[in-house]
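Per the working numbering, the first sequence starts with residue 8, numbered consecutively.
Derived from the structure by calculation, the hints contain no laboratory data.
Incorrect hints may have been included.
Taking lysine to any residue pairs in the SDA-like style, the calculated list, with each CA pair at most 25 Å apart, reads [what the hints assert, rightly or not]:
#, residue 1, residue 2
1, Lys80, His22
2, Lys102, Ala124
3, Lys102, Ala26
Cβ pair distances, simulated, as ranges [said to hold, decoys possible]:
#, residue 1, residue 2, range
4, Arg142, Val29, 36 to 42 Å
5, Arg103, Glu259, 43 to 49 Å
6, Glu121, Asp47, 16 to 22 Å
7, Asp66, Glu259, 26 to 32 Å
All residues carry an ideal CB built from backbone N, CA and C; glycine is no exception.
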Amino acid sequence: MPEGHTLYRLARDLHQAFAGDVVSSASPQGRFADSASVVDGLVLTEASSRGKHLFVDFDQDLAVHVHLGLYGKFRVSAGPALPPYGQVRWRLVSKRSYADLRGATACELVTPEERGAILDRLGPDPLDPEADPERAWERVRRSRAPIGGLLMDQQVVAGVGNVYRAEVLFRQRLHPLRPGRSVTRPRFEALWDDLVTLMPEGVRLGRIVTMRPEDAPAAREASPAEGRRVRYYVYRRGGRPCLVCGTKVRHEVLQQRNLFWCPRCQPAYRPRTVG
DNA sequence: GTGCCATGTGAAA
DNA sequence: TTCACCTGGCACC
Numbered sequence: 008m009p010e011g012h013t014l015y016r017l018a019r020d021l022h023q024a025f026a027g028d029v030v031s032s033a034s035p036q037g038r039f040a041d042s043a044s045v046v047d048g049l050v051l052t053e054a055s056s057r058g059k060h061l062f063v064d065f066d067q068d069l070a071v072h073v074h075l076g077l078y079g080k081f082r083v084s085a086g087p088a089l090p091p092y093g094q095v096r097w098r099l100v101s102k103r104s105y106a107d108l109r110g111a112t113a114c115e116l117v118t119p120e121e122r123g124a125i126l127d128r129l130g131p132d133p134l135d136p137e138a139d140p141e142r143a144w145e146r147v148r149r150s151r152a153p154i155g156g157l158l159m160d161q162q163v164v165a166g167v168g169n170v171y172r173a174e175v176l177f178r179q180r181l182h183p184l185r186p187g188r189s190v191t192r193p194r195f196e197a198l199w200d201d202l203v204t205l206m207p208e209g210v211r212l213g214r215i216v217t218m219r220p221e222d223a224p225a226a227r228e229a230s231p232a233e234g235r236r237v238r239y240y241v242y243r244r245g246g247r248p249c250l251v252c253g254t255k256v257r258h259e260v261l262q263q264r265n266l267f268w269c270p271r272c273q274p275a276y277r278p279r280t281v282g
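Model the full assembly from the supplied sequences, consistent with the hints where possible.
Pasting the structure below:
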């Protein structure tokens, strides 16, 4: 599930498995072969993430930028490497570990300048303790675009994907189609703070968990047919009853992404009318 | 077993 | 606006 928490965890795992070690680097699939050979035999110095972007650093100021896209996977395993299955774009091997990258949208050698340009395009990441939410607020408060779209815009907030978007807007009782500039500062702060709470939990647990424990019993009661499968308030629950109020969850496609919300818990914004 | 759909993004048309 | 990426979980047969 590649939202920001996945990349953060992946960077941590890669760092723990490889940092400080000489690694062999190859592209069994071939598409990354030339670049993979450039870092082959070098020391992997650091792995880090920002938003949904991963950077793997090597000696000599060399770095590989990876973006998993929708279904990319980067699996880190202990022990001797097994024969690759499927399309392995990049394989890293050390004495203790190996890692296989498949299905990624981006896997490229980048210069420090290119890496800087990628970072410059990203808004604050709720997983970054140094992140400055003011930068996101400045975008939100001036925008007519829907808050549901702004949250997914990586230049506004880095790392939020479709699941966190749907769930955090539900938790904050914000309608996803409200214009950014209709969101008050306290409500924006609550939204940001909620992401700062939720996303590290995602890192810790290795999956997105958004449901408050006190809502879980109500969830089972409200939607017995779904049994234990219910994991989210609204994400992928279009047409099913809201776990809190029972109203049918709405589903719409916004900018080619599925959008879910409860029309009762997340009421539409009604601008004040004059006269 | 088969087929559909998805947590995302940038390039091509 | 559509396609490419080409994995993998899950609903359905």
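Each hint tested on the structure:
{"no.": "1", "hint": "Lys80 <-> His22", "result": "16 Å, holds"}
{"no.": "2", "hint": "Lys102 <-> Ala124", "result": "34 Å, violated"}
{"no.": "3", "hint": "Lys102 <-> Ala26", "result": "12 Å, holds"}
{"no.": "4", "hint": "Arg142 <-> Val29: 36 to 42 Å", "result": "39 Å, holds"}
{"no.": "5", "hint": "Arg103 <-> Glu259: 43 to 49 Å", "result": "48 Å, holds"}
{"no.": "6", "hint": "Glu121 <-> Asp47: 16 to 22 Å", "result": "20 Å, holds"}
{"no.": "7", "hint": "Asp66 <-> Glu259: 26 to 32 Å", "result": "49 Å, violated"}
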